[in-house]
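As a plain string of letters, each chain reads:
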Amino acid sequence: MPSWKEHLPSIGTLGPFLALLMACVFFSFQSEQFLTGANFSLILQQVMVVGLIAIGQTLIILTAGIDLSCGMVMALGGVVMTKVSHDYGVHPIVAIFAGFAVTAGFGLINGLLVTRIKLPSFIVTLGTMNIAFAITQLYSQSQTITDLPAGMTFLGTTFSIGQTEVAFGTVLMLAMYGIAWLWLRETAQGRHIYAVGNNPEATRLTGIATHRVLLMVYVLAGLCYGIASLLSVARTGVGDPNAGQTENLDAITAVVLGGTSLFGGRGIVIGSLVGAMIVGVFRNGLTLMGVSSVYQILITGILVILAVATDQLSRKGGR
Amino acid sequence: MLHTRTHLAIATVIGAIALPTFASEPIIGLITKTETNPFFVKMKEGATAEAKAKGAKLLSAAGKTDGDNAGQVTAIENMIAAGAKTILITPSDSKAIVPSIKKARDKGVLVIALDSPTEPIDATDALFATDNYKAGILIGEYAKASLGGKPVKIATLDLFPGHPVGAQRHNGFLQGFGLKSFDAKNNELAKPAEVVCMADSFGDQAKGQTAMENCLQKNPDINLVYTINEPAAAGAFNALKKAGKEKGVMVVSVDGGCQGIKDVAAGKIAATSQQYPLKMAAMGVAAGVEYAKTGKKPSGYTDTGVTLIAAKPAAGVDSKDTKTGMDLCWGNK
Chain S
1 MPSWKEHLPS IGTLGPFLAL LMACVFFSFQ SEQFLTGANF SLILQQVMVV
51 GLIAIGQTLI ILTAGIDLSC GMVMALGGVV MTKVSHDYGV HPIVAIFAGF
101 AVTAGFGLIN GLLVTRIKLP SFIVTLGTMN IAFAITQLYS QSQTITDLPA
151 GMTFLGTTFS IGQTEVAFGT VLMLAMYGIA WLWLRETAQG RHIYAVGNNP
201 EATRLTGIAT HRVLLMVYVL AGLCYGIASL LSVARTGVGD PNAGQTENLD
251 AITAVVLGGT SLFGGRGIVI GSLVGAMIVG VFRNGLTLMG VSSVYQILIT
301 GILVILAVAT DQLSRKGGR
Chain C
1 MLHTRTHLAI ATVIGAIALP TFASEPIIGL ITKTETNPFF VKMKEGATAE
51 AKAKGAKLLS AAGKTDGDNA GQVTAIENMI AAGAKTILIT PSDSKAIVPS
101 IKKARDKGVL VIALDSPTEP IDATDALFAT DNYKAGILIG EYAKASLGGK
151 PVKIATLDLF PGHPVGAQRH NGFLQGFGLK SFDAKNNELA KPAEVVCMAD
201 SFGDQAKGQT AMENCLQKNP DINLVYTINE PAAAGAFNAL KKAGKEKGVM
251 VVSVDGGCQG IKDVAAGKIA ATSQQYPLKM AAMGVAAGVE YAKTGKKPSG
301 YTDTGVTLIA AKPAAGVDSK DTKTGMDLCW GNK
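So the sequence lines, in the order shown, correspond to chains S and C.
Under this note's numbering, the residues of the first sequence are numbered 1 to 319, in order.
Under this note's numbering, the residues of the second sequence are numbered 1 to 333, in order.
A hint or two may mislead.
[Said to hold, decoys possible] The following residues of chain S were derived to be distant from chain C, with all beta-carbon distances above 12 Å:
1. 23
2. 117
3. 171
4. 175
5. 188
6. 199
7. 200
8. 201
9. 206
10. 208
11. 263
12. 288
13. 316
[Stated by the list, open to error] If you want the footprint, here are the derived chain S segments under chain C, 3+ residues with CB under 8 Å:
14. 79 to 86
15. 149 to 155
16. 235 to 242
17. 277 to 287
Hints were generated in silico from the structure; no laboratory data involved.
C-beta: ideal position from N, C-alpha, C; glycine also.
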C-alpha cells in the first residue's frame, strides 16, 4: 500500500524542479528578454497541449503502463470536434463533447484490451496509435479544417494580469494539474492507482478491483487527450490531421523528465508539468539566444536518460 | 504515417496479381515522402490522372514520416518486385536513398526525382522540381518593392537545419531582397544583420507559431517575416495577431497550397511563391510511358515552374492575383 513516503521530496521529485530552475537561471543570464512574465506566459501556452496529454500519460505510467497512442488520439479528437462543428453546423459545445467522447472511447478500448485480454499496454496502444492515426486521416481526408467558430478557439484567447497576457487555456491546464494532484493525493481512488502500479497482485488481494482502477485510468487519460485536442485547436485555430506526431513522445518525455517512474507506483503529477516546462524553456531560451533547435533535441535526450537513471538508482538504493 | 507498410504490402500483392494480366501496360511507381501531406496527395492525383490518360499502371507508396528513408527503400524494392520500369521518387533523405536508387537503375529502371534532388544530383536519371532558390528570390523582390526603402528587421521561420530546400528558399529570399546571401548550392543559412531572429518551424503550423512567439520576445520590432511554407506562415500570423502586430508586419512564404492562397487573399500572407506538384508528377509519368515505348530516358533538371501570387501587386514585380492562384493550387479548395 502507498505510504507517506511518497510525499517526501526525494532526488526523483526534486531533480526536475532543480533542472528547470537551473535552465531558467542559465537563460536569464543569456537573454534579457527571458525572465519576464510575458515570456513565461508564452512558454506555458506553448506547452499546454503536451502538458494536458502528460496528465493522462502520468496516470497510465503510474499504473506501470504506457500509452503510445496519446498524440494520435489527441489529433483525432481535434479533427472530430472541428469537423463536426464545421460540417454539421452544430453548437461548438456539442462538437467539443463529440471529440471528448471519441478520445474517451479510445481510452475505454485501450483499457478493455489491457484488462480483459491482458495485453501489455505497450502493444495495445501501439495498435490503437495506428488506428487513431488512420481514422484521423480517413475522416479528415488528410485536410486541415479551418473557419472555426469563436467558441471553439476561446481557450486560445487571453486576458491580462497586470502587464502580462495570460491564455485561458493555460489557466485550464494549471487547474487540471491542481485537480489531478489533489485527486491522486487525497482520494482513495487516487491512492489505488499508486497501489496498482506498485504491486497489482497484492492490491487485488486487499480487495481492490484492480481491473476497474485500470479501466478508469485509461478512460480518464482519453478524456485528458480530448481536452488537449481542444487546447490544440484553440492554440492553432485549425483542426490539424497531422497534429500529435511530436506531442506523442513529447508527453512521455515530459512525464519521465518529471520524475514519474516508468516502473509504476511512484511520481507526482505536477512533475510532468515541470517536465513539459523544461522542454519548453529550452526551446524558447535557445531561440532567444539564436541557437539551432537541434541543441534542444540533444539536451532533451540527455535529460531523459538522466531522469530514468536517477529513478533506477534511487530504486536500487532506496527501498 | 504508420499504415504505410500495409499499403506497401497491398500494393505489392496487387502489383503481383496485376502483372500477368496487364503485362502490356507500363508500370510506374510513385514514392512520396508521406501519404498525408496535401502536396503529395496532389502529386499522386496528378500521377494517377496522367497514368490513366496514357494507359499506364500506377503504384504508389510513401515513407511513414518526412525523413523516413527505410520506408522509401522498402517501397523501391517492392516496386521493382512488382515490375515497375519507372520509379518517381521525392527523396526524404537525399543521400541515404542513393544506394537503393542505384540498385534500381542497375536493373534498368528509370528513376526520376520529383520535388527535391538527391545528393549527388546525378544519382537519378532526371529531376523534375521547383527552383526553390528562385521561389525565394520572387518573394524577396516582392517584399523589397512593397516596403520601399523602409528599414527592416527580419525573422526567418526555416525548415530544419541542413535541409537544402530550406536553405535555398531562405538564401533566395535574402538574395531577392538585396541582402548579403549565399548562392543556390550552399546549404548554410545566410544571416545578414537585418535578420534579427532565425528559428526552425519544421514546416508545421503549431511550431511556426511557437517560433514566431519566441522571435517576438527576442525582438518586438520585427516587421518582415519569411516562412518556409504557408502552414508556418499561418502560425506566424497567429502569433503576430495575439501580439497585436498583424497590421505592421509583412509575412511572405513559399508553396501555393489552397489554404495558403486563401490566407494570401485574406491578407494574412502578403505574397507566396506557388509550386506545382501535379505538373511534376504528370511530367514524370509521361516520361515513364515514353521510356516504356521508345526506351528514351530524360536527363538533367527540368524546372516545373514557380509563380508569385500576391493580393496586392508591387511596382516592378510580376505577380498573379489570388484567383489565378486558387485555380492552380493544391489541397482542399
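Hints, verified against the model:
1. 23: The assertion about residue 23 (chain S) holds, with a minimum of 15 Å to chain C.
2. 117: holds, 22 Å
3. 171: holds, 16 Å
4. 175: holds, 21 Å
5. 188: holds, 39 Å
6. 199: Residue 199 (chain S) is indeed farther than 12 Å from all Cβ atoms of chain C, at 34 Å.
7. 200: Its Cβ never comes within 12 Å of chain C, the nearest being 30 Å, so this holds.
8. 201: Non-interface label on residue 201 (chain S) holds, nearest chain C Cβ at 34 Å vs cutoff 12 Å.
9. 206: holds, 40 Å
10. 208: holds, 36 Å
11. 263: holds, 27 Å
12. 288: violated, 5 Å
13. 316: At about 36 Å from chain C, residue 316 (chain S) clears the 12 Å cut-off, so the statement holds.
14. 79 to 86: violated (count 0)
15. 149 to 155: Answer violated; 0 residues pass the 8 Å Cβ test.
16. 235 to 242: Since 7 is at least three, the answer is holds.
17. 277 to 287: holds (count 3)
Consistency with the previously given hints fails for numbers 12, 14, 15, ordered from lowest to highest.
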